[in-house]
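Chains as they are written, first to last, in my numbering: chain X, 1 to 116; chain A, 1 to 114.
Treat the hints as calculated values from the structure; they're not laboratory data. We put the CB at the ideal spot given by N, CA and C, even for glycine. Among the hints, erroneous ones may be present.
[To be verified] Computed cross-link-like contacts, DSSO-like style, restricted to lysine-lysine with a CA-CA straight-line distance of at most 30 Å:
1) A/Lys45 / A/Lys2
2) A/Lys79 / X/Lys51
3) A/Lys2 / X/Lys27
4) X/Lys62 / A/Lys42
5) A/Lys42 / X/Lys51
6) X/Lys71 / A/Lys45
7) A/Lys42 / A/Lys79
8) X/Lys71 / A/Lys42
9) X/Lys51 / X/Lys62
10) A/Lys45 / X/Lys51
[Stated by the list, open to error] Pairwise CB distance ranges, derived in the manner of DEER restraints:
11) A/Ala67 / X/Ala2: 18 to 24 Å
12) X/Ser30 / A/Gly58: 43 to 49 Å
13) A/Ser68 / X/Pro39: 45 to 51 Å
14) X/Arg20 / A/Ser28: 38 to 44 Å
15) X/Arg22 / A/Lys45: 19 to 25 Å
16) X/Gln81 / A/Ser53: 48 to 54 Å
17) A/Asn65 / X/Glu18: 44 to 50 Å
18) X/Ile76 / A/Ser68: 38 to 44 Å
19) X/Leu38 / A/Arg76: 38 to 44 Å
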Amino acid sequence: NAGVMQNPRHLVRRRGQEARLRCSPMKGHSHVYWYRQLPEEGLKFMVYLQKENIIDESGMPKERFSAEFPKEGPSILRIQQVVRGDSAAYFCASSPRRGGYSYEQYFGPGTRLTVT
Amino acid sequence: RKEVEQDPGPFNVPEGATVAFNCTYSNSASQSFFWYRQDCRKEPKLLMSVYSSGNEDGRFTAQLNRASQYISLLIRDSKLSDSATYLCVVNLRTLDTGRRALTFGSGTRLQVQP
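The following block holds chain X by itself, in its conformation from the complex (with noise of 0.2 Å):
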């Protein structure tokens, strides 16, 4: 039972270029979370999908930042025009459908990013 998957692990862009972020849930997960890490901080939410769906998007910055889950493929996080900043590890999350609040989500390797 493969985990979550994300690729590319490690990405580097140059400013003004776009990063384009993938991530696979576990099989039979329809839930779908990015969540940013910046160097030595903690993890910060980001966005919240189901199939087709943005059901939370509350931690994401207002511009360049966008997310899907289409019905067919990854889950795709897309930073355009990426500047200094955005040089974090992307960490995408998965938890199953299902009833009750005990909403454990099981996170995929990450995606380095590092804008030079």
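Got chain X sorted already, so can you dock chain A onto it with the hints?
Okay, now just chain A, sitting in the frame of chain X:
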């Protein structure tokens, strides 16, 4: 005030020691509670969920005090492999957005020494 607060440590303990981490959360509507472990430059891994009645998994015991909004993790008989950052995590489900994202503390670093 941070939503989830933890002592950053580091806690330096010898092998075999018992060590306890504490965490407080600010939102009384928080509904689910977890401890995650994160090794350097790796993803967080779920260590255990935390239940009101307290729960134990091998050498690890977690406690929740809703009245005080306080969560704890006890590690007995520490191993070198327990060295990591331990993240206190709460989940708040809002009725308007149905948000189920996790809120992470900044973590407590544990270093177990031989």
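Evaluated hints:
no.	hint	result
1	A/Lys45 / A/Lys2	holds, 22 Å
2	A/Lys79 / X/Lys51	violated, 41 Å
3	A/Lys2 / X/Lys27	violated, 34 Å
4	X/Lys62 / A/Lys42	holds, 28 Å
5	A/Lys42 / X/Lys51	holds, 27 Å
6	X/Lys71 / A/Lys45	holds, 27 Å
7	A/Lys42 / A/Lys79	holds, 19 Å
8	X/Lys71 / A/Lys42	holds, 29 Å
9	X/Lys51 / X/Lys62	holds, 22 Å
10	A/Lys45 / X/Lys51	holds, 24 Å
11	A/Ala67 / X/Ala2: 18 to 24 Å	violated, 41 Å
12	X/Ser30 / A/Gly58: 43 to 49 Å	violated, 31 Å
13	A/Ser68 / X/Pro39: 45 to 51 Å	violated, 33 Å
14	X/Arg20 / A/Ser28: 38 to 44 Å	holds, 39 Å
15	X/Arg22 / A/Lys45: 19 to 25 Å	holds, 21 Å
16	X/Gln81 / A/Ser53: 48 to 54 Å	holds, 50 Å
17	A/Asn65 / X/Glu18: 44 to 50 Å	holds, 47 Å
18	X/Ile76 / A/Ser68: 38 to 44 Å	holds, 42 Å
19	X/Leu38 / A/Arg76: 38 to 44 Å	violated, 33 Å
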